[in-house]
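K.L.:
Sequence:
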Amino acid sequence: MWFDRFTNTKCFDLPMQIESGRYVWEGKHAECLNGHSDIYPGEILVSDGSERCSLNQTNHQFLMPDKNRQQDISLFENAIATIGRQLEHDSKLMSPMLPSAVVDADSHLLPLEKKLQIILEKGHLHQISHRPRLDIRYEEEITDVARAKRLAKGALVHLASHSECWQRQTLSGVVPKKVKARFSEDDFHIYENRVYARLLDKLDTHLTQRIRTVEQLNDTLDKALRFYDNRDIHHRLSYKVCDLWGQTFDEEATLETLTLLEETLTMLRAMHHSICNLKQSGLYLLINRNTQIGGALHRTNILNHDAHYRYLSILWEMLSKNQQRLKSSPAEQFVRNQELSEYYCRYVGLHFQHALKPYSAEVECKYESQEKVFVWAGREFKLTREGFDWTLVENREQVDVLRIKTWLGFHDHNYEKSNSLIAFSSIDQELKPSIDRDNAIPLSPMDLYGVERLGWFVDRTMTQFLVANYGEPIQKLPQELLDFLSASNSKHKKSLKLTGDIPPSLCVLEDVSNDFSSALIKVLRENNAHEQADSLILRIEEIKVLQQCPVCDSRNIPLKSQANSTFSLHCDSCRTNRYLIKNRLGERDLLLKVNNEVSDSFSSLGRWFSGSN
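Each number in this note's numbering comes from the position in the sequence shown (counting from 1) with 865 added on.
Since the hints were derived computationally from the structure, they do not count as laboratory data.
Given the structure is predicted, the values throughout are model-derived calculations rather than measurements.
The beta carbon of each residue, even a glycine, is placed where N, CA and C say it ideally should be.
Any given hint might turn out to be false.
[Stated by the list, open to error] Cross-link-like lysine to any residue pairs, in silico, SDA-like; alpha carbons within 25 Å at most:
1. Lys1088 <-> Arg1101
2. Lys1067 <-> Leu1120
3. Lys1222 <-> Lys1043
4. Lys1043 <-> His1027
5. Lys1425 <-> Lys1186
6. Lys1088 <-> Ser1225
7. Lys1247 <-> Cys1107
8. Lys1192 <-> Leu974
9. Lys1144 <-> His1100
10. Lys1458 <-> Lys1043
11. Lys980 <-> Arg996
12. Lys1409 <-> Cys1107
[What the hints assert, rightly or not] What follows is a list of derived Cβ distance ranges for each label pair:
13. Ile1179 <-> Met881: 43 to 49 Å
14. Ala1333 <-> His1435: 52 to 58 Å
15. Asn1421 <-> Glu1197: 24 to 30 Å
16. Leu879 <-> Gln992: 56 to 62 Å
17. Ala970 <-> Lys1192: 16 to 22 Å
18. Arg917 <-> Gln1413: 52 to 58 Å
19. Gln1413 <-> Met881: 48 to 54 Å
20. Asp1399 <-> Ser1194: 18 to 24 Å
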């Protein structure tokens, strides 16, 4: 039996086309993928690098990502694996941004590229293209005497026995019309030249992939550098994002690395331009494109000793070693994809912890314990992980506040409506800084807005605890509390409202002083009204949290109650306004209006954006 993580349903039969990482095996015995890898109960079904998905009793097909984006996927996986491995050993809440180690590894020319640059500068490949080695192929043909330059062996014998080749016969002999001639032709299809042609193809592919990788890194750092100086972004959002980015690169290091990447990119493009020119002229055009060379290079005398050709074997072997390092068997790729799914789950958990920092500065989840408990607004919350899902639980009522399902997938998917949020991998460099899906969120090390995206969902969910209970009456009050309220000072009558019900109920509408709230709680507990005391504590704590500005963290902001159990808040420090309103359906919604120094959009305000775009 399989468990569909997207729909939270169990299924006995899988569809014909399967998304890698979507299904978990829940059978009693292990399943086997393509005859080489066992899938044990609780393990996720991932691809082994091929489309084929042959299980014990059924055959299916994996949906594969676009092959043209393979280099982007490799960079993404490298970044995720680097962060995932660091999370195993680092107890600090590290940045989810692109690790500097990934950039450093690709910001310089590789040994192969340095060697190729020298060889191109010295013109060895150009010499081979314009003055190649060749062989002479001899062919024998019956042809007119005028075309014949050299007679073939046995030409006279052939002429004597074939009278149809005679022009005429004389007393002294035969005047030939046709003879058996020997022709020579230049043969460029020698082994060494075939090596040259296929080497150019391999170098073209390698340089194209490297250019794509360096361009993506360059674009990421360029976006970060432009983010520093973007005046359309709220300064507090800019500080938060730059602080996360600065944990891997500060502004000066970003500029230096960007300069280095641009230099590397210029050299790679120049080499690629030279290779493309060699493929469009000279020897390459004379070699059949279908001619292939085996993996092991045959070291001929020309490849060993020729002044130019000997560099072909050097480049070929360096390329082979580089490709062999990246090559893996299906079983090894299956294990790696399982590891990458685990690393991405940790990465999403890292985002979750950062998104929860405004609620508890100490939300830091060790991967050995897999959970973290914190208190906010009088409630205890627990961040926990189960399988490949992260869940924020409210401990008092054991309610799942927000569940995030992690999915390492690189193709489009129409996400079904569910109560969970699906965090998916994205390799889109043009990822818009916006919230455009109800239950799916892209999280990537190359995205500066990752924490803000998830924070927007977290804020919207956590706010419901505050607005759902505001103005809700506390019922079944003891008479002693009613007497105490009647005898109390009138200054608390705006904060506390007694309803006209029989018996009356108590509503907390504004902040209550610590002394007065302690006195109220004492009266309730003395009269065995513990449930009402707990409810009162919770309402007071919720009011105190509402009085804290989510933008500048200012505290004790006056909450002004209004009709129909609504309120307004105005922060004098950052001039942020919040309003509790009721929509047409009667549902409560807390609107947040940040001081309009920038445009009202997610890209400018991040998680403080109150709409959806």
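K.L.:
Please list, smallest to largest, the hint numbers that this structure does not respect.
P.N.:
2, 3, 5, 6, 7, 9, 10, 12, 14, 15 and 20
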